[in-house]
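Place chain B on chain A using the hints.
Here is how the chains run, residue by residue.
Protein chains: 2
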Amino acid sequence: MPDFSEPVIVLVRPQLGENIGAVARAMGNFGLSSLRLVAPRDGWPNEKAVASASGADFILDRVEIFATTREALHDAHVVYATTARGRDQTKPVLTPLEAMPKIAAMRQTGQRAALLFGPERTGLENDDVSLADALLAIPVDPKFSSLNISQAAVVLFYQWFLALHGDVPPFNETALKPASRAELYAFFDYFEGELGRVNFFRPPHKSEVMKRNMRNILHRLELNDQDLKTLFGAVRALVRGPVPMSGPLDCKQPPLQEG
Amino acid sequence: MPDFSEPVIVLVRPQLGENIGAVARAMGNFGLSSLRLVAPRDGWPNEKAVASASGADFILDRVEIFATTREALHDAHVVYATTARGRDQTKPVLTPLEAMPKIAAMRQTGQRAALLFGPERTGLENDDVSLADALLAIPVDPKFSSLNISQAAVVLFYQWFLALHGDVPPFNETALKPASRAELYAFFDYFEGELGRVNFFRPPHKSEVMKRNMRNILHRLELNDQDLKTLFGAVRALVRGPVPMSGPLDCKQPPLQEG
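Protein chains in written order, with my numbering: chain A, 6 to 264; chain B, 6 to 264.
Bear in mind the hints are in silico, worked out from the structure with no lab data behind them.
Source: prediction; values computed, not measured.
Treat the hints with caution; some may be incorrect.
Same chains, same names: a pair is fine if it fits in one copy or spans any two.
[To be verified] Quick list of in silico lysine-lysine cross-link-like pairs, DSSO-like style, CA-CA up to 27 Å:
{"no.": "1", "residue 1": "K182", "residue 2": "K107"}
{"no.": "2", "residue 1": "K53", "residue 2": "K148"}
{"no.": "3", "residue 1": "K148", "residue 2": "K107"}
{"no.": "4", "residue 1": "K107", "residue 2": "K234"}
{"no.": "5", "residue 1": "K234", "residue 2": "K216"}
{"no.": "6", "residue 1": "K148", "residue 2": "K216"}
The following block holds chain A by itself, in its conformation from the complex (with noise of 0.2 Å):
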């Protein structure tokens, strides 16, 4: 039963197993589940793809095998052809940013689409890309412009889960509190009274705008709670000096001193 919720992988005539692995471990990184492989040159199953794709399994125990390109697509609406070159064929060509969101789109109206990808040497023959509706080509640098296969084959399954679910980052840092006015207040008065008490604003007149710099660098650390507790500690372990070192750390806030 097909998934038209997603495009369909065509890899034509693949060489290494390697790419295939690789391929299908890329796939499973972005959320993608179907691959086809068209007159694998090694065959199928390959020990080396399994190898490459690193647990990806799940994708590879499904690959459907096709003797020609044409098969391989039958169920496809749309077929966009991946080249690193132009063909003199008359057909729009799209970078991934723009092919993806229109991918995208085509869940909503039902429609299965199709990436193809040519053999690692000579790339899709000019038959294969004839098929398609059109090109999809990744912006490179003309002077070193030849992808490896997994490798373009990851950015356009980069873009396509973008496009799917927005540019939202897998995880964050736990998100602390940050520290509230009066503790940062309470943190200043007490720094600067220290440094005062050890002559460091001087001469006299340049006190404030040091004070001023400080606080400046201070607030540019968007210090939160726990921060804020580990300065003051550093700060008062340095004003105390040598202690044992088995004795506690005194990480506790000065108090506030609030108006």
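Then chain B, alone, in the frame of chain A:
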């Protein structure tokens, strides 16, 4: 002499030469050239790296080797650590799409960015991560989030290239002149005339609708000069019936019938 116009790529304790080469190749594809290795497991140079670089020798020849991550970052101003998982370190997490325009903008102020990649098996250690200003994380399917190092690299490099050069296809197919409306109408008239002659438009009260549908199909083709000649020749050949194989193809335009 460091080149401040592009980020430097730093692979920390890379394990497989194949991956170093694949990263170098991807750098070449997207116009990057400055590669540094921190304590590569198998030493340097590495024959497997050369093989998988597929011609990116101009990058491998200039690789710089460092003993520690700190040393490799000595001339960087901003450091991004790529990681597939959170580290419980309070750092901003940026996607490639967010980070690369920032890095591209640094060119104007002469700031050098570094992109840190960890060893294949484990990723960056937390000590290396703590040297970075921000984490760089690729949006992936959380169910299968482990990207190959060179696959992660290619996503970043691709996004860097787009930030720098915009999303422009690397080539375009020959743009042929669209057929003029007069040429198109002449073809409509000829085609409809011949179809009328063989009583294609029946029943008669539907003939106008059928002609409109046919014109709509033909408009959708966005025919160019050459397409129109080809289609005209094909229709004319069907109308005339079999001719000797040796005879010339008649792809002349039908006479224009304007107005």
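Right, here's what the structure says about each hint:
1. K182 x K107: Classified as between: cross-chain Cα gap 26 Å, same-chain 41 Å, threshold 27 Å.
2. K53 x K148: between (31 Å within a copy, 23 Å between copies)
3. K148 x K107: between (29 Å within a copy, 25 Å between copies)
4. K107 x K234: neither (51 Å within a copy, 31 Å between copies)
5. K234 x K216: Answer is within: at 20 Å inside a copy they meet the 27 Å cutoff, but 81 Å across does not.
6. K148 x K216: Neither. Shortest intra-copy (54 Å) and inter-copy (51 Å) distances fail the 27 Å Cα cut-off.
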